[in-house]
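A.B. asks: Letter by letter, the chains look like this.
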Amino acid sequence: MNLIENKLIELGFPLEIPKRPVANYLGSKRAGDLLFVSGRKSELKGEVGTDVTEKQAKKAAKETIVLILAIIKNDIKDLDLIESIVKLQGFIRSSINFTQQPQVLDGASELLIELFGKDGHHARTATGVAQLPYGATIQLDMILKLKTL
Amino acid sequence: MNLIENKLIELGFPLEIPKRPVANYLGSKRAGDLLFVSGRKSELKGEVGTDVTEKQAKKAAKETIVLILAIIKNDIKDLDLIESIVKLQGFIRSSINFTQQPQVLDGASELLIELFGKDGHHARTATGVAQLPYGATIQLDMILKLKTL
Amino acid sequence: MNLIENKLIELGFPLEIPKRPVANYLGSKRAGDLLFVSGRKSELKGEVGTDVTEKQAKKAAKETIVLILAIIKNDIKDLDLIESIVKLQGFIRSSINFTQQPQVLDGASELLIELFGKDGHHARTATGVAQLPYGATIQLDMILKLKTL
Numbered sequence: 001m002n003l004i005e006n007k008l009i010e011l012g013f014p015l016e017i018p019k020r021p022v023a024n025y026l027g028s029k030r031a032g033d034l035l036f037v038s039g040r041k042s043e044l045k046g047e048v049g050t051d052v053t054e055k056q057a058k059k060a061a062k063e064t065i066v067l068i069l070a071i072i073k074n075d076i077k078d079l080d081l082i083e084s085i086v087k088l089q090g091f092i093r094s095s096i097n098f099t100q101q102p103q104v105l106d107g108a109s110e111l112l113i114e115l116f117g118k119d120g121h122h123a124r125t126a127t128g129v130a131q132l133p134y135g136a137t138i139q140l141d142m143i144l145k146l147k148t149l
Numbered sequence: 001m002n003l004i005e006n007k008l009i010e011l012g013f014p015l016e017i018p019k020r021p022v023a024n025y026l027g028s029k030r031a032g033d034l035l036f037v038s039g040r041k042s043e044l045k046g047e048v049g050t051d052v053t054e055k056q057a058k059k060a061a062k063e064t065i066v067l068i069l070a071i072i073k074n075d076i077k078d079l080d081l082i083e084s085i086v087k088l089q090g091f092i093r094s095s096i097n098f099t100q101q102p103q104v105l106d107g108a109s110e111l112l113i114e115l116f117g118k119d120g121h122h123a124r125t126a127t128g129v130a131q132l133p134y135g136a137t138i139q140l141d142m143i144l145k146l147k148t149l
Numbered sequence: 001m002n003l004i005e006n007k008l009i010e011l012g013f014p015l016e017i018p019k020r021p022v023a024n025y026l027g028s029k030r031a032g033d034l035l036f037v038s039g040r041k042s043e044l045k046g047e048v049g050t051d052v053t054e055k056q057a058k059k060a061a062k063e064t065i066v067l068i069l070a071i072i073k074n075d076i077k078d079l080d081l082i083e084s085i086v087k088l089q090g091f092i093r094s095s096i097n098f099t100q101q102p103q104v105l106d107g108a109s110e111l112l113i114e115l116f117g118k119d120g121h122h123a124r125t126a127t128g129v130a131q132l133p134y135g136a137t138i139q140l141d142m143i144l145k146l147k148t149l
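Respectively, the protein sequence lines represent chains A, B and C.
When we follow this note's numbering, the leftmost residue of the first sequence carries the number 1, and every step to the right adds one.
When we follow this note's numbering, the leftmost residue of the second sequence carries the number 1, and every step to the right adds one.
When we follow this note's numbering, the leftmost residue of the third sequence carries the number 1, and every step to the right adds one.
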């Protein structure tokens with residue numbers, strides 16, 4: 001049925017073939033009904049508060065969720081197998097004075113809720129860091145619960 | 001019976017009604033018997049090593065656990081449903097020369113052990129970061145195991 | 001049989017008795033079939049990109065996995081009880097211009113794969129931070145799945 005993928009297309013985010021991880025790890029790993037998803041960086045680079053605005057960073061957080069969903073689809077084949085979004089961890093590359101990390105991460109959370117409805121509501125942690133891989137603005141990882149077959 | 005809540009009262013920490021999350025997320029989310037708790041910032045603001053002393057930060061870590069327990073109570077209704085504390089993650093906003101993050105996080109760990117006894121002993125990670133939401137000194141999240149009903 | 005320990009010896013990494021945690025926490029905590037391992041710092045200190053080279057940091061990441069495996073052995077008695085490596089989280093103390101955190105963390109990932117084969121492949125997140133406990137270069141924590149007895 002591809003309900004989630006169709007919603008993504010309606011929202012203007014068709015899934016693309018994900019890039020392979022830049023190093024020696026998997027896109028995601030399953031343990032029982034939990035799926036642990038690797039950290040994915042945003043395409044956007046730069047530090048929020050100096051190089052990048054809060055609004056740009058929020059948009060990048062949303063786009064990073066689309067990149068992550070493409071990875072998950074590649075791994076589990078069908079996004080409709082996701083039962084719920086459990087935990088989102090967001091690292092935001094922040095200038096020393098930027099403290100609106102929650103507003104940035106809302107770009108990711110809002111898309112997850114739009115896609116998965118009630119099951120998309122999640123726990124999360126939004127942390128500011130001084131540097132991220134390849135100078136990316138955002139890095140997100142997630143824990144999902146899969147449907148029991 | 002409210003054993004844990006009564007212990008908190010004895011220790012001088014009656015639970016208050018938690019503030020709502022500052023953005024679009026849940027206080028906690030359950031997956032099977034695990035409860036994933038969102039990152040909660042301390043009321044105390046400032047950087048440890050410059051604005052804030054190690055002792056003040058340790059006290060703030062303890063107080064943040066009380067704030068988290070109020071959120072968990074709001075979500076699962078009864079803290080006695082907690083079987084054990086599994087993992088604590090602490091981000092401590094640190095000046096470039098401050099490296100005693102474990103001593104700060106002990107403020108949180110000691111209260112958990114005092115409240116939950118043997119089941120309160122946990123794995124944890126204490127990390128220094130340059131910035132946190134709203135300039136907070138401490139940010140904690142947790143994974144708990146709930147009793148199987 | 002101690003397959004994993006014997007492989008470690010062949011690779012030149014006999015397990016030593018782990019140091020006790022520097023503060024009030026466990027080396028690891030089990031919840032169901034998942035084992036949550038506490039953050040372990042590298043013996044190597046210093047910031048990658050200034051005090052420490054990428055190559056030295058990668059080697060330190062590998063050595064930190066050996067330290068973690070010694071802790072896990074101490075806790076669960078037999079490393080052959082590990083079914084798979086699920087998630088690796090790496091914090092790398094990085095200078096403001098160092099963005100090769102994934103290459104550093106590969107030192108850890110490659111050893112896990114060498115030891116555990118297909119089951120050693122894992123999800124992971126590699127994040128740069130400005131400070132770590134005791135000035136360490138690397139801090140790693142992990143989630144493992146244990147064999148169901």
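These are calculated hints, taken from the structure and not from any lab test.
The structure presented is a predicted model; accordingly, all values stated were derived computationally and were not measured.
Treat each hint with caution, since some may be false.
Given that identical chains are not distinguished, each listed pair holds provided it fits within a single copy or across any two copies.
Unchecked claim - The calculated BS3-like cross-link candidates involving lysine-lysine, where the alpha carbons are at most 25 Å apart (straight line), are: (1) LYS77 <-> LYS118; (2) LYS118 <-> LYS19; (3) LYS45 <-> LYS118; (4) LYS147 <-> LYS55.
A.B. asks: Hint numbers the structure violates, sorted upward?
C.D. replies: Of the numbered hints given earlier, those the structure breaks are 3 and 4, listed in rising order.
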